[in-house]
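Trainee: Take a look at the letters that make up each chain.
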Amino acid sequence: MAQPAPPAAPGSERTLTMARAGREAVFSEMRKNPNMFLIGEDIAKLGGVFGTTVGMAEEFGAARVIDTPISETGFIGIATGAAMAGMRPVVEIAFVDFIGVCFNQIYNFAAKTHYMSGGQFKVPLTFMIGYGGGYNDAAQHSQTLFATLGHVPGIKIVTPADAYDAKGLMASCLQDDNVTVWMVHKRLWGLGWLGFPLPKALATVPDHDYTIPFGQSRIWREGGDVTIVGLGLTVHNALQAAEQLASEGISAEVLDLRSVVPLDREGVFKSVAKTGRLVVADEDYMSFGVTSEVLAVVAERDPTVLKAPAVRVAYPDVPVPFSRPLEDFCLPNVERIVAAVKATMKKGK
Amino acid sequence: MTVDIVVPQEMWGESLEGVVVTWIYQNGATVAAGQPIAEIMVEKAQLELVAPASGRLTILAVPETVIGRDQVVGRIETA
Amino acid sequence: MKPNAKQRLWMYEAMYRSRRLDDAVLAAYMEGKTPVFHMGKGPLPGEMHQSFGQEPCAVGVCAHLGKDDAVGAGHRPHHVAVARGVDLKKMVAELFGKKTGLSGGRGGHMHLYSAAVNFFSSGIIAEGMGPGAGMAMARKMQGKPGIAVAYVGDGAANQGAFHEVLNMVGLWKLPFICVIEDNKYGVSVHKKDSTAIAHNADRAASYALAGEFVAGNDPDLIFEAAGRAVERARSGQGGTILELETERLHGHFIGDSGGYRPEAERKAMIDPIPAYRERLLGEKVASAADMIALEAKVQQQVDEAMRFGRESEYPDATDALKCLYA
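Chains as they are written, first to last, in this note's numbering: chain A, 1 to 349; chain B, 1 to 79; chain C, 1 to 326.
Hints may contain errors.
[Stated by the list, open to error] Derived lysine to any residue pairs resembling SDA-like cross-links, with alpha carbons at most 20 Å apart:
1. A:122 x C:325
2. A:307 x A:225
3. A:45 x B:32
4. C:140 x A:86
5. B:44 x A:46
6. A:200 x B:12
7. C:322 x A:176
8. C:67 x A:86
9. C:173 x A:69
Hints listed in this document are in silico derivations from the structure and should not be mistaken for laboratory results.
Kindly produce the complete structure, drawing on both the sequences and the hints.
Mentor: Okay, here's the thing in structure tokens:
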């Protein structure tokens, strides 16, 4: 695949995996912007552990698709300096769990340099990161960590749930002059070896370039009885739950946050004000995280919109266990979401 | 003219079986030669299947189907 | 190559400027902090890591650098900032936390940034290594001239970032110099109790870099060695670990008495600035009158900068929320 693919014949829709859609946005920006380059482990020859960079080394060459030693702190620091000096680096961290070895460079230097320099230095740096579990990869390779990254100021974080959003949000990240993080749940990439693609993660993706704004949530399914807020994989679980609930006469609205930072507080509140009930599903650890933040949105704007207490469906505050029954117990799966909705329907007015 | 779509020999390595992960185009779509049209998994590698010709696509092996070497997974009706 | 008279006088002037600034800052820092030492009080609050004794490290290297180059310093950045030519008034205003500071008061003493002269400093040990090397890499990728230098202490040579970055500098032949200011202390721990080998310059072979150790805290010798490292970088031959023996004349930060150091050791330290002054006079590089005139000029600059820092306004409180994103 040395040449870019020829344009699609008219009248042919393409259904892409999230990995492929994300790559399209990267290819497009890399072609437009000679200052952009990719850096990370296993991205040149392998094309990325999760297929984020397939075909890129062939097209752009080793000088722009750089395989690094296993030195996250080192190459993230290097990418930061390059960004400060006018380049636009795209950094691959295959597993979000690995931010532990390089977190200082991300949160203390890259994220803060624009602010600490009073705006003198921009850091146009994009991270491509895989997260999530459910395939028995245990405590150090299955985490989500939205809250860990989202908590520190200076970073924008998006987590698309389908291929259409994957391409648009990636383009937004690449065009933004700040530290941006594009995170995809491993089971949503569309890689056969992590389970066949979830049907709704595949999507029709236009050939042309487009962006999706940060901080804009998306309603996948409208409903009147309860708002289920999800992000990434939990959007898909919520949609399945909504199907099941519909057959039992409960109308659930499924809201995909899409953006962790900035968070669409307005969108969340509007939906909850309409339905009066809230369930929020997140694969990150429960405490001090996205679910807490979503509840805070309602509590501080107007808790009286709630007809019943909100329910959180999140990972319990334990490390991700290995054994299948243990891991399955912890995941924010369809059953738990259905149960949460029923609980909130039972209580209150 | 009908062109068979077969996963190229060099993509198989030592394997005898693969599986169709997803088709990028729908049954009946018009595709161009050289375009990626499907993703196939052989062992742990996800590979791209490219259209051998331009024309109308017929899908034979649907997603999650196990396929063998030399198996015709689809056809393209040219002109 | 030895420094010529002009370069030597430039080095003396920059060292003197840094020193007079450190003296003024020390006096101002202690305002409001006596009789009880409280870091958060007074016009110059926070931690303060001063550069007394380490000035030769800054001037000997920066004498070779120009506008195409980039410099990163660590948590003890003032002498490097001065030698690099960071605007003195804006720098002092930043120390005072004023609106007119380099970052409008958002950075402070350890986080001094000046895009005008491609300078930055950072507060986490060895954190500036990667960004410094990245600036070198950007220049190489862009086909532009210029090299990058990152200053670290001897303690930083044991931090992971040091090794990771230098390996990549060697692997990719980046035009980068790591300057180690070896003052033999990581806060209270002597280098012999923290580092498995005697000279960090010897680690250079591990990364396919050149390594050079310069004894004596001598601006002229540092200038010569730095000249070699700079030439290597500019000519595409790659990076260098330049390890400079120096002296931390005061404690780790203001407020650290340095009581963990043996008295004899402290007494034996030599202040490099008066020593250099004597040498320049002795070798007739300048006359006594010229020296005094130079020093008076520098003193005036420092006084002006301190006045500017004190008299400038604080930022509006809500400015705290601005400047997060570009």
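Trainee: The structure should be examined with respect to each hint, and the outcome stated for every one.
Mentor: Checked hints:
{"no.": "1", "hint": "A:122 x C:325", "in the structure": "holds, 8 Å"}
{"no.": "2", "hint": "A:307 x A:225", "in the structure": "holds, 10 Å"}
{"no.": "3", "hint": "A:45 x B:32", "in the structure": "violated, 27 Å"}
{"no.": "4", "hint": "C:140 x A:86", "in the structure": "holds, 12 Å"}
{"no.": "5", "hint": "B:44 x A:46", "in the structure": "holds, 12 Å"}
{"no.": "6", "hint": "A:200 x B:12", "in the structure": "violated, 29 Å"}
{"no.": "7", "hint": "C:322 x A:176", "in the structure": "holds, 17 Å"}
{"no.": "8", "hint": "C:67 x A:86", "in the structure": "holds, 15 Å"}
{"no.": "9", "hint": "C:173 x A:69", "in the structure": "holds, 14 Å"}
Figure legend: structure checked against the earlier numbered hints; hints not met, in rising order: 3 and 6.
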